[in-house]
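Protein chains in written order, with the working numbering: chain H, 776 to 847; chain C, 4 to 150.
Keep in mind that the hints were calculated from the coordinates and are not lab data. No residue lacks a Cβ here, since even glycine has one placed at the ideal position from N, Cα and C. Incorrect hints may have been included.
Unchecked claim - Here's a subset of chain H near chain C, in silico, CB distances under 7 Å, partners left out:
| # | residue |
| --- | --- |
| 1 | V806 |
| 2 | T807 |
| 3 | A813 |
| 4 | K818 |
| 5 | Y819 |
| 6 | T822 |
| 7 | N839 |
| 8 | T842 |
Stated by the list, open to error - Lysine-lysine pairs mimicking DSSO-like chemistry, simulated, CA-CA at most 27 Å apart:
| # | chain 1 | residue 1 | chain 2 | residue 2 |
| --- | --- | --- | --- | --- |
| 9 | C | K80 | H | K803 |
| 10 | H | K816 | C | K148 |
| 11 | H | K803 | C | K62 |
| 12 | H | K816 | C | K62 |
| 13 | C | K80 | H | K780 |
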Amino acid sequence: MGSHKISNNIRTLRFHNDEMTQQDLADKVGVTRQTIAAIEKGKYSPTLELAFRIAKVFKTPLDNVFTYDVPE
Amino acid sequence: MSFREKQLVINILSTLLISSCYYFYVFYSHDDSMMSTNDLLVFWAETLLILMPVTIAAKIIIHIIFSISNTIATREKIPPMDERDKLIELRSSQIGKYVFGLGFIASMATLVMGMSVNAMFIVIIASGILSEILDNGFQLYYFRKGI
Numbered sequence: 776m777g778s779h780k781i782s783n784n785i786r787t788l789r790f791h792n793d794e795m796t797q798q799d800l801a802d803k804v805g806v807t808r809q810t811i812a813a814i815e816k817g818k819y820s821p822t823l824e825l826a827f828r829i830a831k832v833f834k835t836p837l838d839n840v841f842t843y844d845v846p847e
Numbered sequence: 004m005s006f007r008e009k010q011l012v013i014n015i016l017s018t019l020l021i022s023s024c025y026y027f028y029v030f031y032s033h034d035d036s037m038m039s040t041n042d043l044l045v046f047w048a049e050t051l052l053i054l055m056p057v058t059i060a061a062k063i064i065i066h067i068i069f070s071i072s073n074t075i076a077t078r079e080k081i082p083p084m085d086e087r088d089k090l091i092e093l094r095s096s097q098i099g100k101y102v103f104g105l106g107f108i109a110s111m112a113t114l115v116m117g118m119s120v121n122a123m124f125i126v127i128i129a130s131g132i133l134s135e136i137l138d139n140g141f142q143l144y145y146f147r148k149g150i
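Isolated chain H (complex conformation) (with noise of 0.2 Å):
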């Protein structure tokens, strides 16, 4: 819980992409509102299928979404 080494565009990516909602972006992967604010933050790191769905969304790979970020 909030130390999170895995860090995501998604905010960027809903802004290049007609400036989407959050809500629309629920929509389309199936999940609520609250999940995909949560995970823009940071709070919640998504299963694999999900983050496979958010980057098929964005028609972007899954590393352009999802960042590791390896601790020193």
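Position chain C relative to chain H; hints supplied.
For chain C alone, coordinates are given in the frame of chain H:
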């Protein structure tokens, strides 16, 4: 506050309300000073067996009223559970089960220490209520702080 968070607050409040009303009624309507151990066991068995359907029925009614009033007030549909909701529920219910398990062990300890059957059942019931409140409380915490 999301629908799930509101639902958890309602759950905690209804658990407190139902159990306190029920036990208030049971303890003030029964005098156990003249009861033998066998009678006490029957009394507690009856109390617990009645509590279960009473709690289930009361919670169903409270949740129906809450869902209807929430839909009218916010025009928000009831969201289906997603993977995060399920993970939060799983982690919190684990904590609740540990608490109840400890309570059960503590209730056995009361008998070993020579306390009455009443003490054993009171510890079991208190740990049941506490585990329910902690289960819901931790869900609320995880929804707020992240998991």
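Here is how each hint holds up against the structure:
1. V806: 4 Å, holds
2. T807: 5 Å, holds
3. A813: 6 Å, holds
4. K818: At about 3 Å, which falls below the 7 Å cut-off, the nearest Cβ of chain C leaves the hint on H:K818 intact, so it holds.
5. Y819: 5 Å, holds
6. T822: With a minimum Cβ separation of about 6 Å from chain C (threshold 7 Å), the hint on H:T822 holds.
7. N839: 22 Å, violated
8. T842: 18 Å, violated
9. C:K80 with H:K803: Distance ~17 Å between C:K80 and H:K803 Cα, so the pair holds.
10. H:K816 with C:K148: 10 Å, holds
11. H:K803 with C:K62: 33 Å, violated
12. H:K816 with C:K62: 34 Å, violated
13. C:K80 with H:K780: 34 Å, violated
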